[in-house]
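K.L.:
Letter by letter, the chains look like this.
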Amino acid sequence: MSTELHVSAEESASFDRATIEYIQRASATGLYEIRGLGAKRKLPHFDDLLLLGASLSRYPLEGYREKCNTRTVLGTRYATKPVVLDIPITIAGMSFGALSANVKEALGRAATAVGTSTTTGDGGMTSEERNSSKTLVYQCLPSRYGFNPDDVRRADAIEIVIGQGAKPGGGGMLLGQKVNPRVAKMRTLPAGVDQRSASRHPDWTGPDDLAIKIRELREITDWEKPIYVKVGATRVPHDVKLAVHSGADVVVVDGMQGGTAATQLTFIEHVGIPTLAAVRQAADALEELNMTGKVQLIVSGGIRSGADVAKALALGADAVSIGQGVLFSLGCNSSTYVQKGQHIDASADYATLGTRPGFCHHCHTGRCPVGVTTQDAALEQRLEVETGAKRVRNYLKTLAMELTTLARACGKQDVHHMEREDLVALTVEAAAMARVPLAGTEWIPGQSSP
Amino acid sequence: MNAAAAAAPVKEFDLSQSGNLRALNRWLHRELPVECAPRVRVVNPDGAHSIAAGVDGAVEIDVLGHAGYYVAGMNKQARVTVHGNAGTGAAENMMSGLVRIKGFASNSAGASAHGGCLVIEGDASLRCGISLKGGDIVVGGSAGSFTAFMAQAGRILICGDAGEALGDSLYEAVIYVRGKVASLGADARFEPMTESDLAAVRELLAIAGFDHDPASFRRVASARGLYHWNADANQEY
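Going down the list, the sequences are from chains A and B.
Under my numbering, the first sequence has 450 at position 450, and the numbering climbs by one with no breaks.
Numbers in my numbering are just positions in the second sequence, counted from 1, shifted up by 1000.
FYI, nobody ran anything at the bench for these hints, they're computed from the structure.
Glycine included, each C-beta is placed from N, C-alpha and C at the ideal position.
None of the hints are false.
The calculated label-pair distances, taken between Cβ atoms and stated as ranges, are:
# : chain 1 : residue 1 : chain 2 : residue 2 : range
1 : B       : S1018     : A       : K81       : 21 to 27 Å
2 : B       : S1016     : A       : R200      : 30 to 36 Å
3 : A       : S127      : B       : D1211     : 43 to 49 Å
Not everything, but these chain A residues come out facing chain B in the computed CB check (under 8 Å):
#  : residue
4  : R144
5  : P149
6  : G176
7  : L189
8  : P190
9  : V193
10 : D194
11 : A198
12 : D209
13 : I212
14 : R215
15 : E219
16 : I220
17 : D222
Extracted from the complex, chain A is given alone in its bound form (with noise of 0.2 Å):
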């Protein structure tokens, strides 16, 4: 007869780990957690998709032969100066203060070397940031941190941001070691405090406001530059049309599983819709405007492939913005870092976070052990320009490629040709937010019978 002990193994699935863990740490701190990146969860998303290839009944394009286009056009509706793309993939908006200069310029660099473009963020337009971009949006956030009218007119677009899908109703977040002496003079705010931005911008109130506020946008600039208004994905179809009616040439939609540089955990993991359905109620409410085409849709929040782009495309997107992809291509989250061609290990630095690669979110913590997040002198050298620009254009042109490979073999000329018949949904979870069929049938929950 065993003399062991029993040991119960059996963990609550409503109190289990996890959640113990951080009802003690609220216990113990009397505040909530904040982190960077995006939601965690596991949620219906890109990969609950497949795409079609052509067979008999579609006829593919030679993958290695054939051209397959790329060129975007964004801002066709009012501006005179559209953005013109070599691809569809756009680096989303970040900001200075939550990246370093480093980092801007790098992803400045790349986004011109494949033709694209890049986002500034909630602290202005740096120098380095406008000088590596051929093409950079400027961003307008309730915050107005930085703004002005010559960074305005330096802009090829301006971007409205109303809400960011990590967050939707909630402001910036910049804690205090990442507010350095010149982001602090950027933003006009003392060094060091824990900045908290504006969740509503200070000079309209609601769409019909907004109309105004982009007719301004319009006048300054003379009506060249193409606007767009961000949302965070929540009442998806209403703000659709609600922009388009505020006077939006591109509407950019981001999902829950978008990133942020700082914010409150229960905001990441609990506000906000998957982008996977976001993206269907986007392109459908520019359907019932008859604004297809006219107003351009950019679908962001956890894209990380090319066959994420394909996917997005297909439901109705004209293109995708990337965050937290490029950062991950920068070197965030990996082991080492490089210097001057050598790669240096970094594990004790994630350690002394509290954490390890592959888990890192210690983002607003400033102390980025690959020198990403950071706006520490010494971190921040650890991303080498050059270095990140390479990578940064290595994964764009590879996201590229891969869009171009799938839309040949679905029989595509355009990568903009990609169409909803080209899908079907693995779960049904995903058929009825895309409202595309389960695999093997013609079911499209709440559209038809199984």
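Please arrange chain B on chain A, whose structure you already have, making use of the hints.
P.N.:
Then chain B, alone, in the frame of chain A:
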């Protein structure tokens, strides 16, 4: 207006004519002479929005009537006078220059202004000077609720009364108020007037052309209690 300015040639835009708002702004952006610019008269504004928005030049602009939203928005250098009332966001994000509203100003006057001076001879509505980033605002009458909300830098002088939540979540901007204050916002507090405060009030009154005793104003500034996270103040931010 000095004698030279009064004698300068005048260029007139009549906004009752279709397309003239765009023509006005385009002329101001692209054809405004760098030197010896003519005075600009805007007639029949009739509440049009974005009058003289985005100007970057030393020019005198008179708007002869009521202006809509965003008059003199993002202004640099220009001296703009509205001979009437102004809608939401007058002189929003102004960088420099002088904007004078002879009547009343609606919501968010001077929002996020980085520089220059906005003078409102009448009352200002809600959120005057919200997110102010360095400009000056002088209100001849009273200012509405949430004046100077999250104002980061600059000065706001209120010759009349202030509404609820004055200076809520202030950073480094300073408010001077002469009349009653319905309530102070989170982290705002009255502070003693110093000699430099009196000099600042005197300077702002002189710019605006108002005649009040600087000693009759009170100073409101940030207690700086919200600059860093504080678990015990969870409803304060």
